[in-house]
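Taking the hints into account, I'd like the entire structure generated from these sequences.
Under this note's numbering, the first residue of the sequence shown is numbered 1, with each subsequent residue one higher.
Check before you lean on any hint, since a few could be wrong.
[Said to hold, decoys possible] Each computed DSS-like pair below joins lysine-lysine, with the alpha-carbon atoms no more than 30 Å apart:
1) LYS310 x LYS348
2) LYS66 x LYS204
3) LYS19 x LYS66
4) LYS308 x LYS276
Quick caveat, the hints were computed from the structure, so don't treat them as lab data.
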Amino acid sequence: MSAKDYVEKDYYKVLGVPKDATTAEIKKTYRKLAREFHPDANKGDAKAEDRFKDISEAYDVLSDDKRRKEYDEARSLFGAGGYRAGGPAGGGSFDFGDLFNSAPGGGGGGIGDVFGGLFNRGTRQAQPRRGADVETEVTLAFEEAVDGATVPLRMTSQAPCRVCSGTGAKAGTTPRVCPTCVGAGTVSRGQGAFALSEPCRDCKGRGMLVDDPCTVCHGSGRASSARTMQVRIPAGVQHDQRIRLKGKGAQGERGGQPGDLYVTVHVDAHPVFGRKGDNLTVTVPVSFPEAALGGTIEVPTLGGPPVKLKLPAGSANGLTLRARGKGATRKDGTRGDLLVTVEVVVPKLVEGDALTALEQYREATASDDPRAALFRATEGA
1 MSAKDYVEKD
11 YYKVLGVPKD
21 ATTAEIKKTY
31 RKLAREFHPD
41 ANKGDAKAED
51 RFKDISEAYD
61 VLSDDKRRKE
71 YDEARSLFGA
81 GGYRAGGPAG
91 GGSFDFGDLF
101 NSAPGGGGGG
111 IGDVFGGLFN
121 RGTRQAQPRR
131 GADVETEVTL
141 AFEEAVDGAT
151 VPLRMTSQAP
161 CRVCSGTGAK
171 AGTTPRVCPT
181 CVGAGTVSRG
191 QGAFALSEPC
201 RDCKGRGMLV
211 DDPCTVCHGS
221 GRASSARTMQ
231 VRIPAGVQHD
241 QRIRLKGKGA
251 QGERGGQPGD
261 LYVTVHVDAH
271 PVFGRKGDNL
281 TVTVPVSFPE
291 AALGGTIEVP
301 TLGGPPVKLK
311 LPAGSANGLT
321 LRARGKGATR
331 KDGTRGDLLV
341 TVEVVVPKLV
351 EGDALTALEQ
361 YREATASDDP
371 RAALFRATEG
381 A
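The structure is reproduced here in C-alpha cells:
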C-alpha cells in the first residue's frame, strides 16, 4: 500500500463508522462485514473478495490506536488540507510521490521519512540479530561428572567474516539497504485483525543486499570459525544430560547477543562405583561369618578416605547400608549418599578346620529349615 493510497482512502467510510467511533464499535462492525463478504461465503465473487480486502485493510489501521492516530493526523494534514491528488490549492501540477518520497535533490528528508513507520517507506535501521545456538558433546570421567570439571571444547560456529568485517561486501564496496524491508530485516503480512512479522525473503533477514559479494563468505557476512574455549561443567551432571551455557554460542550480528552453547555430556563408567541420581552406589563383599555375626566393615569412597559402617548380625545378601554425604555433589553444594549393597561371599572350597567347623554348624542348625515357610505357604494355597 502506497503513502498516497494511505492518505486518500477513507477507512471510516469503508467500514461505515463515524470518525469518533470507539474501538469496540469498529470491531463489531468489522466482524459483521467480514462475515458478509468473506471469500468462503462468496465463492467466485471477485467484488466480494475485493470488498473483504478493503475491510480488512481498514480494520488493520483503525483497530490499532497508534496507527489510527497517525492515520487521522496524516489525513488531516494532507487528505483534507491544501494538498490534493490533482495539485495544490493554488493550481498547477503536483507530483504526490515527490511529497512522500524525498526532498528536492534526492537527499531524503521528505514526508515519507516523517511518517516512515506509518507508511512502511522510511529507512529503518536493521535490528541486531542474536547469534545462533551451538551444540557439542563432551565425555567426562566418572569422577569429573560427580565433582564438576573445566574442560577444553573446540567448536566450529558462524562468526562475522574477518575479510569483510561481516558486511558481506567485497573490499572497496558497501552493501545497500534492502528495498523490500527498508533495512528492517522483517516484513509484516496482515490478514484481517492479525499481522505476522517474518524475515524478509529478499535479504534473508539481514536488511541489506550485496551486489558485489565478498570472495570468502560469498555475501553472507558470516564464515565458519573454529575456537577452543574452557567450559565449566557443573558438578553432579548425569550421563547423556544436555546442559545450556548461556552466551557461549555463536556471535551475534550488529551488536546482537551471542547464542547459547548446548553440551551433551557422556560419562564413562567406573569400575567400582555406580550412580543413582545424587547417590553413588557400591557393592561390598562380606564373608559368611561377618553376615551372620555382624561387625564393622570398611567401605571405599570416591576420592576420599574409606568409611566404616556397622553391619548388623544376620545381614542377608542384598542388604543396603547408607553412608551419608558421600555421594555426588548437588546443585546447592550438598552431597548425596553412598548406598552400600552387601554381597555375601560363599567360599568355593572349604577344607581342614574350616570344613570341620562348618559341618558342626550344619548339625547344630539342622532343625532350622529356611524353606519351611515356603512349603507351608504352598500347602495353604
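For each hint, the structure was consulted:
1. Proposed proximity of LYS310 and LYS348 is supported: the alpha carbons are some 26 Å apart, at most 30 Å.
2. Restraint check for LYS66 and LYS204: the C-alpha separation of about 29 Å stays at or below 30 Å, so the hint holds.
3. Distance check on the hinted pair: LYS19 and LYS66 sit about 15 Å apart at the alpha-carbon level, within 30 Å; holds.
4. Using a Cα cut-off of 30 Å, the hinted pair LYS308 and LYS276 holds, with the two alpha carbons roughly 21 Å apart.
No hint from the list above goes unmet by this structure.
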